[in-house]
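Working from the sequences, and respecting the hints, build out all of it.
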Amino acid sequence: MATDKLEEIKTAVESRFGDSILSFDTKDGRIVLKVSAQASHEVLSLLKDLGFEHLSDVTGTDYIKDGEFEIAYHLWSHAKKIRAIQKIRISRESPVVKSIVDLWPGAQIHEREDHELFGIDFVGNPDLSPLFLEDWKEIPPFRKDFDTREYVKRRYYGD
Amino acid sequence: MSKLLPRPIRSKGDAAANSLWVINYFTACGFMELLPWVGSGYDMERFGILAVATPRHADVLIVAGYVTEKAVSRIKRIYDQMASPKYVMALGSCPMTGGMYWDSYSTVKRIDKYIPVDLWVLGCPPKPENIGHGIVMAMNAIKGGFGGH
Amino acid sequence: MATNNLEESEISFITIPFGPQHPASGHFHAKVKVDGENVVDLVAYPGYLHRGFEKLMEYRTHVQNTMLSDRVCILDPFSNEMAYVNVTELAVGIEAPLRGKFIRSIMAELGRILSHVTWIGITSMALGLESGTRISWGDREKIIRIQEILTGGRIYPCYYVPGGVRRDFSQEHIDEIFKLLDYIEKAMKLYDDLVFYNTTFMTRMENVGTLTKEDAIALGATGPNLRACGVAADVRVDEPYDGYPYVNVDVVTMEKGDSYARSLCRRGEIITSISIIRQLLEKMPAGDFKVKWAMTKKVPAGEAYFCCEAARGELCFHMVSDGSDKPYRVKIRGPSFSHALAIFPFLVRGSQLADVPAIYWSLDSCPADMDR
Amino acid sequence: MSLIRPFSLFKNLFKKPMTLDFPFESLPAVEGYRGRQILDLEKCTGCPVCSMVCPNLAIELVEYNGKKYPQIHLGKCCFCGLCAEYCPRDALHMTQEAMITIMDTKEAVYTPAKLSQTA
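So the protein lines, in turn, are chains F, L, Z and W.
Going by this note's numbering, the first residue of the first sequence is number 1, and it counts up by one from there.
Going by this note's numbering, the first residue of the second sequence is number 160, and it counts up by one from there.
Going by this note's numbering, the first residue of the third sequence is number 309, and it counts up by one from there.
Going by this note's numbering, the first residue of the fourth sequence is number 681, and it counts up by one from there.
Quick caveat, the hints were computed from the structure, so don't treat them as lab data.
Note that the structure is a prediction, hence the values are computed from the model and not measured.
Just to be clear, a hint being listed does not mean it is correct.
30 Å max Cα-Cα, derived BS3-like pairs, lysine-lysine [claimed, not checked]:
1. F:K153 / W:K748
2. W:K696 / Z:K497
3. Z:K494 / W:K695
Covered stretches of chain Z (chain W as the covering partner; in silico rule of three or more C-beta atoms under 8 Å from a C-beta of chain W) [as the list claims (entries may be wrong)]:
4. 367-376
5. 457-463
The C-beta atom is built at its ideal place from N, Cα and C for all residues, glycine as well.
Right, dumping it as structure tokens:
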């Protein structure tokens, strides 16, 4: 029963965006699809029309060896009871991506957090001011090249 | 029967010890162990301890757990606004040495570099009996003439 | 949105801090722009409890991370441990034995009851019903006592480990839990008179902070806040994990979506949790409760994603591992993040100033879970 | 009915008060509660397992009577009990004693001598 819902979504997505869908697998009832960064916004709006109306999370991951950030959009469909994760890769030097605030207003703070902790620039997000850290002068702390233990030794245990 | 008779107030410290007012600013996880004290588990009002809203009326500041970089400036400002004699009680291991978050980039490792701390209660977070042990110890010290800061 | 018809330049708004040091705000700061009694705008400033868990977890092994993970949300530690431990097992591909799964679900439901009873106390303190605070925080001692006997720790149980739990339930432990459940059921009648059907509570909470179903879904509401708007979304039913496939969970939903509906949702959840624990205790299998898990066990490279139903909503952990014994990246999606930073400012605009604490605590957002 | 309801409160007169009269009575210690550690000097062989396992780096090995023993800084310890659980010789145990209130931070360091005696 569940598998045909997955196949239905797979055909719908791949028919519209054939080439820009890098991979689409449905292991144990969960959709994980990798998309090229340019088509990410359109694929997300298609997924939203297909019933994935709950945006659970916008996760940033720093793959420093590949020189890329990976952004994972976690979606959930209340009607179909399926979870979908859409992943895109953007370059680490100029991490710019189009904001999805127009699709989900709730995404504004998730993107603001990722901006502060990773340094990813979300074009179109109304407010990207610092969220957690006050007058933070170092590089964004969740990047792999920021070593918290070395920073702590210098900042707190230096005396 | 003798417990019901009012005890004579012998010294200035005696009055201060029986009316320690705590600032209603519970920073972190120690607040969970202060719930029985605020509520009816251990009921701190039996000792004359009251949670007041403004630092002007407060005698005791409880640093109840880890202190982040953002929170330490607020704690310092509240501490400065309190009238002396004032006392600081730190709960748990995080204010003393950074504890669980010793390598976190946003928590302060030693609170006594920012405000003088009079009493450390160990535990992560300390049990209500530990905090009671600390309160009784503080009251006896104040009765004995400990002036605080 | 209540737009006032006066020119903004003619009247000056007052900005009131709903500050970090406030009896009803927890350690969370918000600037409330007020025009007389009506709230015009609210800007939230979290970050007072930000410890950077996701960065710290990259430096510790998985067993040490479970000790760290239950400190994410102070009011509901079991759900965080449940999420971290399950995501590690998914990454490695190990299944905890059935008895371990049952014990985990029982303690998670006990943690939910504890979190809701603490929530009753904080909300009635925010509304000025001091007797509700005194009595619910007194009853809380009995639940914490059972946690102390079962797990050895009070607020932070450090009880779940990847592969099961650290201790077993003995028979008198189970009798203690049954006695506790009867006590809570009796106490619920007292809470009904004291808090839930108390005229002050009802007048302060009804038609205050009404959230429609569309706004709730668009802003990312989960848990009791979403179920109060009529959406029956509960991860224990949609994606059952650990002990939940073996019990039936009746999801409590309301229609109106105002603060009072959210409070009744939490009240119904306490009763549901009691019935779940009873079902779990009757069906609990014998056998071992833990799978051997070396401290420096290597996790194969890959990604794992696990979602569980915390007391506040959908708590999800996303772990990326690179084959070493430490996770490469852990993302914690706390439910309070969207409740306090997206829904709370949205609900408060246009309401009265006196309703700000009522709305804030009807959303039950834990500042530590929001900042991580 | 609502007229006589307040009289139902009289049954509270005969119930035990919810508040614990703290300094004079306290709840019995719970067997299995993780309080302060206690070290068995004979069993301990000075292996570094407990210091590696501790998430807070609270344990370091120091010289005592010519042998290496763990010294626990209770100001860093989070009382999770991993050291007692992973000790190969079963030399470290968690006692129920947790009433530790100090005025000077140096008293939080439990040297092997202090660790091996009960309070």
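Now for the hints, and whether the structure bears them out:
Simply put, K153 of chain F and K748 of chain W have alpha-carbon atoms about 27 Å apart, close enough for the 30 Å limit, and the pair holds. Restraint check for K696 of chain W and K497 of chain Z: the C-alpha separation of about 19 Å stays at or below 30 Å, so the hint holds. Taking the CA atoms of K494 of chain Z and K695 of chain W, the gap is about 14 Å. The hint holds against a cut of 30 Å. Given as covered by chain W, the region 367-376 of chain Z passes the check, having 5 residues with a CB less than 8 Å from a CB of that chain where 3 are the minimum.
Only when three residues or more bring their CB closer than 8 Å to a CB of chain W does the claim for the region 457-463 of chain Z stand; here the count is 3, and the claim holds.
In terms of the numbered hints stated before, the structure departs from none.
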